[in-house]
Amino acid sequence: MFRFLFDRDTWQEVIDSFSKNKLRSILTMVGVWWGILLLIGLLGSARGLENSFNRLFGDFATNSVFFMGNTTGMPFKGFQEGRRIQLTIPHIKKVEDNIEGIEFVVPRNMNPVLVTKNFLSGTFNIFGDYPLLDKVQKKKLIHGRFINQNDIDDTKKVAVISESIYKQLFEKDEIAVGTYIQINKINYTVIGVYDPGNVNFGPSEDIHIPFTTFQKVYNKGDKIGFMMITGKPEYDIVQIQRDAELMLKNLNNVHPKDNRAFRSFNLGKEFAKFTGFLSGMQFLTWFVGIATLIAGVFAIGNILLITVKERTKEIGVRRALGATPFEIKRQIVVEAVFLTLVAGLFGIISGGWVLIALNYKFGQGAEATLVNPSVSIGVVFISLIILIVLGTLIGLIPAFKATSIKPIEALREE
Amino acid sequence: MLKIHQLHKSYPIGDSSLHVLKGIDLNVEEGEMVAIMGSSGSGKSTLLNIIGMLDEADSGEYILDGLPIKNLTEKKAAVYRNKFLGFIFQSFNLINYKNAVENVALPLYYQGVKRKERQEQAMFHLGKVGLADWAKHLPKELSGGQKQRVAIARALAANPKLLLADEPTGALDTKTSHDIMAFIQQLNDEGKTILMVTHEEDIANMCKRIVRLKDGVIMEDVKVTQDRAENYV
Chain A
1 MFRFLFDRDT WQEVIDSFSK NKLRSILTMV GVWWGILLLI GLLGSARGLE NSFNRLFGDF
61 ATNSVFFMGN TTGMPFKGFQ EGRRIQLTIP HIKKVEDNIE GIEFVVPRNM NPVLVTKNFL
121 SGTFNIFGDY PLLDKVQKKK LIHGRFINQN DIDDTKKVAV ISESIYKQLF EKDEIAVGTY
181 IQINKINYTV IGVYDPGNVN FGPSEDIHIP FTTFQKVYNK GDKIGFMMIT GKPEYDIVQI
241 QRDAELMLKN LNNVHPKDNR AFRSFNLGKE FAKFTGFLSG MQFLTWFVGI ATLIAGVFAI
301 GNILLITVKE RTKEIGVRRA LGATPFEIKR QIVVEAVFLT LVAGLFGIIS GGWVLIALNY
361 KFGQGAEATL VNPSVSIGVV FISLIILIVL GTLIGLIPAF KATSIKPIEA LREE
Chain B
1 MLKIHQLHKS YPIGDSSLHV LKGIDLNVEE GEMVAIMGSS GSGKSTLLNI IGMLDEADSG
61 EYILDGLPIK NLTEKKAAVY RNKFLGFIFQ SFNLINYKNA VENVALPLYY QGVKRKERQE
121 QAMFHLGKVG LADWAKHLPK ELSGGQKQRV AIARALAANP KLLLADEPTG ALDTKTSHDI
181 MAFIQQLNDE GKTILMVTHE EDIANMCKRI VRLKDGVIME DVKVTQDRAE NYV
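Listed in order, the protein sequences are those of chains A and B. All residue numbers for the first sequence refer to UniProt numbering, where the first residue is 1 and numbers rise by one. All residue numbers for the second sequence refer to UniProt numbering, where the first residue is 1 and numbers rise by one.
It is worth saying that the hints were derived from the structure and are not from the lab. Only a predicted model underlies this, so the values are computations on that prediction, with no experimental measurement involved. One or more of the hints may lead you astray.
Derived BS3-like pairs (lysine-lysine); straight-line CA-CA distance at most 30 Å [what the hints assert, rightly or not]: (1) B:Lys114 - B:Lys128; (2) B:Lys83 - A:Lys309; (3) A:Lys406 - B:Lys83.
Computed footprint of chain A on chain B, listed as stretches where at least three residues anywhere in the stretch have a Cβ under 8 Å from a Cβ of chain A [claimed, not checked]: (4) 19-33; (5) 76-86; (6) 99-109.
Ideal Cβ placement from N, Cα and C applies to all residues, glycine included.
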C-alpha cells in the first residue's frame with residue numbers, strides 16, 4: 001500500500017510540482033514553518049523558565065510547611081484568649097510519630113544578635129539548627145561544612161555564616177573558616193560559609209549554630225521558635241499541614257477552630273502556585289503553537305486548492321491516460337504532507353536555533369532567567385505527527401476537488 | 001472491434017435537456033481508419049468522448065473488443081482507458097513541466113511498468129515518431145508538429161487497441177498537418193485502428209471511411225479511397 005512512498009516517480013512528481021511553483025510553495029510553507037517555530041520556541045522557553053524556577057526552589061524541600069506559636073484567638077478549656085502558645089521539643093516528637101506521611105520534623109530557634117569581628121560589626125539573625133536542616137533546605141556551602149552531629153552532641157560554639165555576612169565582616173579573599181567571630185560577646189569558630197541562593201522564605205537567614213548550643217546560650221530549655229515539617233513526596237502537604245495543626249492545637253489546649261494560635265507557611269502551596277502558573281503557560285504555548293500550525297496548514301490546503309484548479313487540465317490528461325482517481329488523490333495528499341513536513345522540519349531546526357540563541361543570551365550563569373531552554377524529543381515527534389495528520393487531512397480537500405471534476409470537463413477547460 | 005448500437009446522450013441545460021446523440025449505430029472493424037465529421041454541435045465530440053470512456057451514454061450499447069462498456073466505475077474506466085485507448089488531442093495536452101520522454105512514459109507509469117523499462121519503451125516510441133534526439137526537451141521547446149508527434153508517441157506507448165484523435169491537425173498549419181497525417185496513415189498501415197474527429201474535408205479524405213453526423217444522427221457513412229498524405233509533403 002505504501003510502496004509508492006519509495007517510488008522515485010512519486011517524489012519526482014512532488015519535486016516537479018514544487019519547483020514549478022517555487023515562490024508560492026515557499027510562501028505557503030512559511031505559515032507552517034512559523035507555527036512550528038513558535039511552538040518549539042515557546043515550549044523551549046517555558047521549559048527554560050520552569051528549569052530556572054526549579055533551580056531557585058531546588059534548595060528547598062518544596063513539600064514543606066513551617067509552624068510558629070502565636071497567641072490564641074478563642075477561649076478554650078478555661079483558658080482565656082490571647083494566651084501565648086509556645087512550641088516545645090516534645091511537640092516535635094508527637095507530630096513526627098503520629099502524622100502520616102511525614103519525612104522530617106526539624107525544630108529551629110532564632111534570635112537577632114550583634115555580631116562583631118575585630119572592629120567590624122552588624123546585626124544579624126542567628127538560628128539554632130540540627131544537621132537535618134540541610135535536608136530540608138539545602139545549604140550550598142562555598143567553604144567548610146555545615147553543622148554536624150558532633151557539634152550538637154558537644155554543644156560546640158561553631159557558626160556557619162552566609163556569604164553576605166562574610167562580605168561584611170571579612171576582608172576580600174580572607175579565609176573565614178577557622179577564624180573567630182563574636183556573637184553577643186561570645187566567640188564562635190566559623191566552620192562554613194554558604195551561598196543563600198536567590199529565593200528565601202521567611203526571615204533572612206544569616207548564621208547557623210548548633211541547636212544545643214543555642215539552647216544553652218539563650219537558655220531556651222525545651223522551647224523552640226518554629227518547626228519545619230517535610231512531607232514524603234507522595235503525600236499531600238496541605239493535608240499534612242492540616243493534621244499537624246490539629247494535633248498541635250490538641251497538645252496546646254487550643255480550640256480546634258482557632259485560626260490565630262499558630263502561624264504557618266506552606267511552601268508547597270506557594271510552590272504549587274508557581275508550577276500552576278508554569279503549566280498554564282505551557283498550555284498557552286501549546287495552544288498558540290498548534291493554532292498557528294493549523295493556520296499554516298490551512299494556507300497549504302488553500303494553495304493546493306488553487307494549484308488543483310490550475311492543474312485541472314493536467315489532471316484530466318492524466319486521467320485520460322489511465323490515472324485512477326485514487327492515484328490522483330494520493331499524489332495530491334503526498335504533496336500536501338510533503339510541504340507540511342518539509343516546512344515543519346525547517347521550523348523544528350530553526351526553533352532549535354532560536355533556543356540556542358535564547359540560551360546564549362539569557363541562559364548563562366547562575367542567575368540565568370532561562371535554564372537550559374529545550375524541548376524533549378517527544379515533543380518534536382508529537383509535532384511531526386500532528387503535521388503529518390494535518391497535512392493529510394488538509395490534502396484530502398483539494399484531492400477530492402481534483403477528482404470531482406469529470407475528466408472530460410477537465411480536458412475541455414482552456 | 002467496436003460496436004455501437006442505439007446510443008443516446010443528452011445534457012441537461014437548466015430545466016430542459018439537450019439531446020445530443022439520437023441513436024447512433026456504428027461498427028468499426030480492426031484496421032479501419034474512420035473520420036467522424038460534422039459541424040459544431042453535431043455531437044461528434046460527444047461520440048468520441050463516449051467511445052473514449054470519458055463520458056457515459058444514457059442508453060444504448062457500446063462494445064469494445066468484445067467487452068461491454070457499461071456502468072464503469074471511475075477506476076475501471078481509468079484502467080480500460082489505459083489498456084485499450086490512446087488519445088491524441090487538438091491542443092496536444094502534453095504536461096508542460098515534463099520533458100518529451102517523460103510525457104511519453106506517462107501511460108506506462110500508470111500501468112505500473114518499472115522505471116527503466118518504461119524509459120526504454122518511451123524512447124522506442126519517441127524514436128518511431130522521429131524525435132529521439134528531442135527526448136530531454138520540454139514541450140515549450142518543441143514546435144507544434146513536434147508536440148503532436150510526442151503526443152502520438154504517448155498515445156502509442158501503452159500499445160492501445162484503438163487510437164482516438166480529436167482534431168489532431170486542428171492547431172497545425174497545412175504542411176505540418178500533412179506531416180502528421182502521413183504519420184497517422186503509416187500507423188494505420190501497420191494495422192492500428194484509428195478513429196478521428198475532424199471538420200476538415202481534406203483531412204477526412206485521408207481516412208478510409210467517413211461518417212457524417214448531423215444533429216445527433218448519422219447522415220452518411222461511406223468508404224472512401226484514401227488520399228495519401230505523403231503526396232502533399
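Against the structure, the hints come out as follows:
With a C-alpha separation of about 21 Å, the suggested pair B:Lys114 and B:Lys128 falls inside the 30 Å cut-off, and the hint holds. Only pairs whose Cα atoms come within 30 Å are accepted, and B:Lys83 paired with A:Lys309 is accepted, the gap being roughly 28 Å. For the hint linking A:Lys406 to B:Lys83, the alpha-carbon distance of about 19 Å falls within 30 Å, and the restraint holds. Proximity of the segment 19-33 of chain B to chain A, defined as three or more residues with a beta carbon under 8 Å from a beta carbon of that chain, is not established by the 0 residues found.
With 5 residues bearing a CB less than 8 Å from a CB of chain A, the segment 76-86 of chain B meets the requirement of three and the coverage assertion stands. Coverage of the segment 99-109 of chain B by chain A holds. Counting CB-CB distances below 8 Å, 3 residues qualify, and the rule asks for three or more.
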